[in-house]
Amino acid sequence: MPENGASANAATTKAATAASGLAAAQETKRQRTRTIIRAVGMLPVLLLLCIGFHVLSDGRFFTGQNIGIVVQQSAVNTVLAAGMTFVILTGGIDLSVGSILAASAMAGLIISKFPDLGVLWLPAAVLTGAVFGVLNGALIALLRLPPFIVTLGSLTAVRGAARLLGADTTVFNPSIPYAFIGNGAVTLVPGVVSIPWLWVIALLVILVSWLVLKRTVLGVHIYAVGGNESAARLAGIKVWAVLIFVYGVSGLLAGLGGAMQAARLYAANGLQLGQSYELDAITAVILGGTSFVGGIGSIWGTLVGALIIAVLSNGLILIGVSDVWQYVIKGLVIIGAVALDRYRLQGSART
Amino acid sequence: MSEPILEMRRVSKSFFSIKALRDVDLTVYAGEIHALMGENGAGKSTLMKILSGAYRPDPGSEIRIDGQSVQISGPLGGRAAGIAIIYQELSLAPNLSVAENIYLGREVSRGGLLAREAMQAAVGPILARLGADFTPQTQVANLSMGQRQLVEIARALHARSRILIMDEPTTALSAGESERLFALIRQLRAEGLAIIYISHRMDEVYALGDRVTVLRDGTLVGSLDKGDIRADTIVRMMVGRDVSSFYKKEHDPRNDSNARQGAPVLAAVDIADGRRVKGCSLTVHAGEVVGLAGLVGAGRTELAHLIIGAVPMISGHVEIEGRAVRIRTPGEALDAGIAYLTEDRKALGLFLDMSCLDNINLAVLGRDAKFGGILDRDKARDRAKRAFAGLGIRAANVGVPVGGLSGGNQQKVLLSRLLAIGPKILILDEPTRGVDVGAKSEIYSIIDNLAKSGTAVLVISSDLPEIIGICDRVVVMRAGQIAGQIRRDATSPLSQEEIMALATGTEQLDA
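Chains as they are written, first to last, in my numbering: chain A, 12 to 362; chain B, 2 to 512.
Hints were generated in silico from the structure; no laboratory data involved.
Covered stretches of chain B (in silico footprint by chain A; criterion: 3 or more residues with CB under 8 Å from a CB of chain A, positions within the stretch not fixed):
1) 343-350
2) 366-375
Cut-off 30 Å, straight-line C-alpha distance, at most; resulting in silico cross-link-like pairs (DSS-like, lysine-lysine):
3) K279(B) - K249(A)
4) K380(B) - K347(B)
5) K453(B) - K425(B)
6) K380(B) - K249(A)
7) K250(B) - K453(B)
8) K249(A) - K386(B)
9) K227(B) - K249(B)
10) K386(B) - K250(B)
11) K425(B) - K249(A)
12) K249(B) - K386(B)
13) K249(A) - K371(B)
14) K225(A) - K249(A)
15) K425(B) - K371(B)
16) K225(A) - K347(B)
17) K347(B) - K425(B)
18) K250(B) - K347(B)
19) K249(A) - K347(B)
20) K249(B) - K347(B)
21) K453(B) - K386(B)
22) K225(A) - K380(B)
23) K380(B) - K425(B)
24) K347(B) - K386(B)
25) K50(B) - K227(B)
26) K371(B) - K386(B)
27) K386(B) - K225(A)
28) K347(B) - K279(B)
29) K425(B) - K250(B)
30) K425(B) - K386(B)
31) K225(A) - K371(B)
Glycine included, C-beta positions come from ideal geometry on N, C-alpha and C.
Okay, chain B solo, but in the shape it has when bound:
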């Protein structure tokens, strides 16, 4: 192979006395997709922030680009060195146009006035090269997440970046958008860019990675070449131990006499909101885990919001254990025994400044209260401690603010709040998004145990291996309607192709 475009040698980074990175080496060649993996806290983000110039590495670290030793300082330093980062949380200004975003901070002016036309003209060819279906004048607020990602990539190309770092780029994308992004990434590779691809998702690394480097606890575990990339090897490298069964599914509603008898615990009947959800029906039985699959934008989260009364429905109704119920607010849904785990735990779930204790107890404070409104602090503390022990939440104590916890632990705190009410029906929206491998496996185990004890679980997920791994049945949505459902049985496991065919509607083309 040719000379490497980027070499990092003995890169270390300390915060106070804590070593976040210890003597990490990384070599990246032009024209390769280099996957970087590791659990949350393994040091991936720190390494990338050093490359972008946000952090300065410790003395003794060396970074070479095209064989030349370089110092990267400040965001402009990263850009000058030809490095562009596309962050998980996209960094676009939604109120500005595509062209304005691409030129942000480097606006071209003539005689003190913005040269808007010139900027738009320069952006046009880049968008065409990326196969974008929007114009430089489009306001970013009107773009989908996938389209916004294209704008970010266009910005990198416009800055003539040669090393592109993508941090979990598919987190917010639908399967179709992800496929398009993969094709684009391969195209950029063919054009000679080096791409560092950070992801938790094994299937993506399989599909894309030319090489995989794994970090753990701030140190380099090793790198694998294409031929050696295997899921079990990578997982073992990431967690430092064998992960025999990643997805845990021991419950089986077919063996459960209660499950199939009588009415389903939850039945959504012909629910519509007049916009995104167009008459959807589904059922979940006791002890059953039902997956709700579909592309992002298919209306899955919207359907969940309708069921729990967060948004008013214009037609249809919900039945619980065979009886029609009227749910107008999320509070009434909780009273009816339906708990909903939001897909956006920071914005819609947690109170980041409040303690784990308050976050866990929030939904049951009223029920536990003495004299109609005085907090029962002992009960709350006991409940929080039980949740810490039962779900394996790792934090100094129950009193620390939940905002300081890792993604996996935050998710478990939010989950404990829902479990505290003892729900009959649990709707989990992307339960493992932004959660590290170890915590993912623990969450699957929690879901399995809940199903075993008779809870009806509906899991909304864009991670197909996850749906296949933990669900008994999959309902697939497409464009606001139920496209079909697939049942797992002894002879045929759920298949990714079948789900994708329903989600994208390709089965109709074949017919």
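Chain A on its own, in the form it takes in the complex:
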């Protein structure tokens, strides 16, 4: 066999090289398609949902007023989901955001009633959230406890703290400073286009998150910790600092979400506020294409995911689906999203 001629050998080698060149070309093409699918992600689904609801509701979806309601409703969840994106990108989870939101709103409202400190209620709420978040992060990073367990614990404990803060009553403040962020709007074209302040805040949060994730060293480190924690440690990344940061951000944004709710309602209740908000936030992140195992995902996907949830809630009401069925449909969407996550992972290098 080895004597069968060098020329024949050369010919086969050439053919094989050409074939492998073709293979490489196809591989890059597939890679590109995959990147596009991941980047565009669920955007087509969002658009289809909007158009579908518009048709089914006899043209009541795409009205200025209704769109205003949708974005207003999605704002708080968008903010929570942005924080959740940081956490899930590291392969973690934060179940405590709903409770932190409630505790922060309570803290904010209580501060707002002090005559001289009133204006400080907003930073106080955000800071309360950040403190709880950093506590979560410290337990996870320094004591090496599993994120699910730690935040499951704080889900309950912080809820208790929220109730304690108001002695288990609802706290009102009809004259809360900065109430405009909850109910006001920024007028772009007088009388024609205005954007609710809640939505402006949500978009700013998304934009800053994007900058941090894609344009800073810290952002790359977050992706690295989620992609391969042991490798990150050996590469000299301070994994503990990254973890404390992401849980801190998640808590801080939950605090901001609490402030947004407080300003909108002029009130807070430690028991009811933010109940099961963590589930909507997680759903938005997963719908947005961020992988549950960490390391893969984008903040824009999260924005799309949060909008899908808001459109779904709004549209189902518009077309008169009963409250009971809304739950069923939303639950199925969550499962569908995770199935999609699995399917997407199959194409990746790490399975």
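We have chain A already, so just place chain B on it with the hints.
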């Protein structure tokens, strides 16, 4: 010779329009060890996956066992045809016992309950035949890599397989374990099994192969009989060109005036972790390549992890250029100029989903950043492109995920990350493991150039020809201690026997 046990004729396999295999013939006889060689991507794995039933060959391909044409489909098909594969990554469940693993998927039950005793009793004789030093009840998690390999072989024998395919079986084994495995393979050959042995290692093929078949780019290059097996012939067949000097070693610290003067760049002094490493000292000078040899389990990787601060040491210290330094984390090691290439690039080195660009730049992002934390993307792109050009990394562009690259290219990406920090000291742990022949040679050349430019290099390797080929000096570890060291000089090159004697401790028996 008798009738062949396995004949593959005109076997082809296409994925979409790409031919991974083209008209490959392979004939294997009972009672022979048939070595299958080729660079990564040559088609060895595809061929074996066809035999195991994981892939279905293209129409026109024919597989005959004992002269009978057979269709192999699904993993059970391979097993039914008497073919067993022992993969590189062993496929055992560590949380189960040896007997449970051997019976996995074919558990025996009586009246709906597991017949655990019966299974253990049946496994016992097979383990005895293999000379295993563990029992059927042992949990696999407690076994060494060599022992796990025995479990895999026992599983194959238990399934009455007659054709055993071994894919790089010694990758994770120490030299001693490898020797024991070779003896066992020869024993199985004598018992009439056909063994297809896939390996990158020339010395193993010399030692074991009755015949060698070489694949390149999905086609059959040829087969050699025992008498014709020669390293240069095989390498030429594998790469399709002459490889004049496989190991490149042009640097010579004896000619380098800086090298021998003053303190060593790296000195580990009496380092211990209280478990695997028991007081080890070694030095590496500028421009010197020092090999760290020893059996797997001797504590070489553990010593490296102690030096770079990945694991805290309980005694001893590290000196850099004569000054004692305190290194508590891998990050501090990088700051001190020590870069460590892990032996397990997928689990501990690379971020497989991230781009080559991010993987290459990861360690220097902070140093390059603007305004204390904003990425400098132009600098990162330039650095990645320079690394691609300088190290010969082959990928579509710097933006593709590193997970899609071949082993050799992945290793070069990881190496570029370390080189980016401009280390004074480079610790390379099995730098050419799972890397094809061409890339191996390139990596040796990179190491040589680094030494020439004054970097102190410590190479941990289980591949003795590699250590002998590229190192100036070899430090040998045994059971957590330094067993001795051997220096290369003009009159006597490093010898494999001397290193093995130190690594196994046989020199004391002789004395």
